[in-house]
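> Sequence:
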Amino acid sequence: MFSLLKNKTTFSMPVFVPSFLFVVALAVFCIFFPQIMQQNLDSAKNFAFSHFSWFYILSVSFFILFLLLLAMSRLGDIRLGSDEEEAEYPFFSWVAMLFAAGMGVGLMYFGVAEPLMHSVAPITEGNPQKDAMLYTFYHWGIHPWAIYGTIALALAYFGFRYRMPLSIRSAFYPLLRDKIHGIYGHIIDALALVATLFGIITTLGYGASQLNAGLLAMGIVENNNLATNSVVILVVVGIAVLSAISGVGKGVRRLSEINLGLALIFMLFILFSGSTLFLLSVFSENIGYYLSNLIEISFRTFSYAPEHAGWFSGWTVLYWAWWFSWAPFVGLFIARISRGRTIREFILGVLIIPSTFNLLWFTVFGDSAIMQDLASDGALSALTAAPETLLFAFLQYFPLPTVSGLLALLILSLFFITSADSGIFVLNNIASNGKTTEMPRWQSVLWGVIMIVLSIALLNSGGLGAVQAMTLIVALPFALITVLLCFSLLQGLRADKSYFNTGLNQSTVFWSGEKWKKRLGQILKQTQEEDIQQFMNAVVKPAFYQLRNELVDKHKLQVRLNESQAPQRSIELVIQKGAMRDFVYGVAIQRKDTALSMLEDESLPSVKHEQVFEPITYFGDGRIGYDVQYMSVDELIADVLKQYQRYLVLLNSEANELMVQAPLDPS
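Numbered by the working numbering, the letters in the sequence shown go through residues 17 to 683 in order.
Rather than coming from a laboratory, the hints here were simulated on the basis of the structure. Please note that the accuracy of each hint is not assured.
[Said to hold, decoys possible] With a straight-line Cα cutoff of 25 angstroms, these simulated PhoX-like cross-link-like pairs (lysine-lysine) come out:
1. K557 - K534
2. K534 - K624
3. K658 - K570
4. K570 - K534
5. K513 - K557
6. K624 - K557
7. K513 - K534
8. K513 - K533
[As the list claims (entries may be wrong)] Per label pair, the in silico range of CB-to-CB distance:
9. G330 - V461: 15 to 25 angstroms
10. K557 - P493: 51 to 61 angstroms
11. N241 - R193: 45 to 55 angstroms
12. Q544 - Q661: 29 to 39 angstroms
Glycine is no exception: its CB is placed at the ideal position from the N, C-alpha and C atoms.
Using the sequences plus the hints, can you model the full thing?
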């Protein structure tokens, strides 16, 4: 069967087939042997808790330190893309999308439930309400975003700097080199695929449970059981599949943006309908308490308090496993929107922006719930055995409970649908080695069926506990992969910094001062597109043609000229080097805006155009280019030769091997 599909799919069979067989085998056991499967999952979960909890804790804390050290070092200056590349999205748009990355089913499910559950069952002496918010902040603050940020940074760096596919295996290029296209790369992507699948299924399990509880609270359904949860999963994932195969992806993205707005309105409704001043005040106190305790709780494993081992494993360790399994999903989204950012800007943005929003969300919902519970003599905390019901019970203490309940249902449904829709895209991406070509529709249908069957099968084997157990188990090897990924990323960054710090001049042509009057006229003129087009025809093309003929005819090198008209005209000379990265020297027309102050300055009568055009160089290694419009044909040839000499010097150094070697993809 798989051989027949080979020519009709984007799947990498060494990645997809073992992952698919594992999932099928698991589903069969869950459906036909639910009790045995539940016992085995419980045993595996307990083994992971007792033997590897320390690893989860240390690894996530390590990621925070790793990212902060990168941000504070000179490596933080490296750009996710070429040195001259500008950020793909304006700063505030990027910030807004990072806020969006922090939103989802988890905030809806745990926003009320987790702080309330911690406050009524405290594990430390002191102020139970304050400590409840501390541990909630711990689980939803910087730590999950350190996991996401590590994966996202590796994807973005190797994807945009090395021009490799946006896949987990690409991040291991410094360690494995071309072996990433062999068995090691297949194992890495297969583990990422399975971990991501179970991360999505965990989210679907939480979402279905809470959505069904909301429908029950609104009187729309009469029961909250496996059958109704299964129907919810079937309907929601079915809608996501239809979205994925019908070409309405842009509409779904627009729907997602609207839903983010609805979620913000929902939060502001709770904020301003409740004790607004108290919530704003306690937000400040919560942040201070969180930051002052951050180092201690980041390394706490409760080894000196074994009576709390159940709480620790059932909350913190399970959360960390969930975040690891969710990391390829969120990491790919963050990587895609961060092209052109510096590593420092990326790290600080990813760690601070969504974390701050999460802390605000949990303050508004969590502290409000704790306050309402105290005022109602424990009416809310009496429901903590069914956490999926708490949000809708909580809304009964606010104005317009029916309207707010329906709004919560709408938001939850849309988060559910968009998570499943995006999940299908990410699973396709990982299973296809990061290929961005259009996926066959049947692949999206297949992932939808897998998510539905596996979600229902695991719920049948033990409810959310079975889903959580499976996530914990499959996330463990991926956590180890993520730790190794940090060392691979560091090796790539150090090679990058060494390569670009080589002491060779950027612009290479010495000007003797001849024809200075002509040069002065050129400098004072606001060159327009037709001027630069003329320069490209009169200088760049003749220079490149002369140089190509010399290199081919006399030196027998493989040289080609490429010319493009979109988005702006460019001409490039490429000297092919086989296993090494080709030498590329190109000139592209770039448009720049004239500063408003110059346009308004009456002492500059020659400045009258709002835009100017310049011929800017670009290179195969992504270095910053420069303006060459004042060069003659011979000067431009001299500049190309100097850059080629620089390229050969770098090529001859073993320290630069990682940057100059071309990743070979046998596909």
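> Does each hint fit the structure? Answer for all of them.
Verification of the hints:
Restraint check for K557 and K534: the C-alpha separation of about 22 angstroms stays at or below 25 angstroms, so the hint holds. Under the criterion of a C-alpha separation no larger than 25 angstroms, the hint pairing K534 with K624 is consistent with the structure, at around 21 angstroms. With a C-alpha separation of about 19 angstroms, the suggested pairing of K658 with K570 holds against the 25 angstroms cut-off. In summary, the hint linking K570 to K534 is not supported, as the alpha carbons are separated by about 35 angstroms, beyond the 25 angstroms threshold.
For the suggested pair K513 and K557, the alpha carbons sit about 33 angstroms apart, so the restraint of at most 25 angstroms is broken. The suggested pairing of K624 with K557 is violated, with an alpha-carbon distance near 30 angstroms, which exceeds 25 angstroms. The suggested pairing of K513 with K534 is violated, with an alpha-carbon distance near 39 angstroms, which exceeds 25 angstroms. Restraint check for K513 and K533: the C-alpha separation of about 41 angstroms exceeds 25 angstroms, so the hint is violated.
For the pair G330 and V461, the beta carbons lie near 36 angstroms from each other, so the given range of 15 to 25 angstroms is not met. In this structure, K557 and P493 meet the distance hint of 51 to 61 angstroms, their C-beta atoms being roughly 54 angstroms apart. Under the hint 45 to 55 angstroms, the C-beta atoms of N241 and R193, about 53 angstroms apart, fit the expected range. About 34 angstroms separates the C-beta atoms of Q544 and Q661, a value consistent with the hinted range of 29 to 39 angstroms.
Consistency note: the structure conflicts with the earlier hints numbered 4, 5, 6, 7, 8 and 9.
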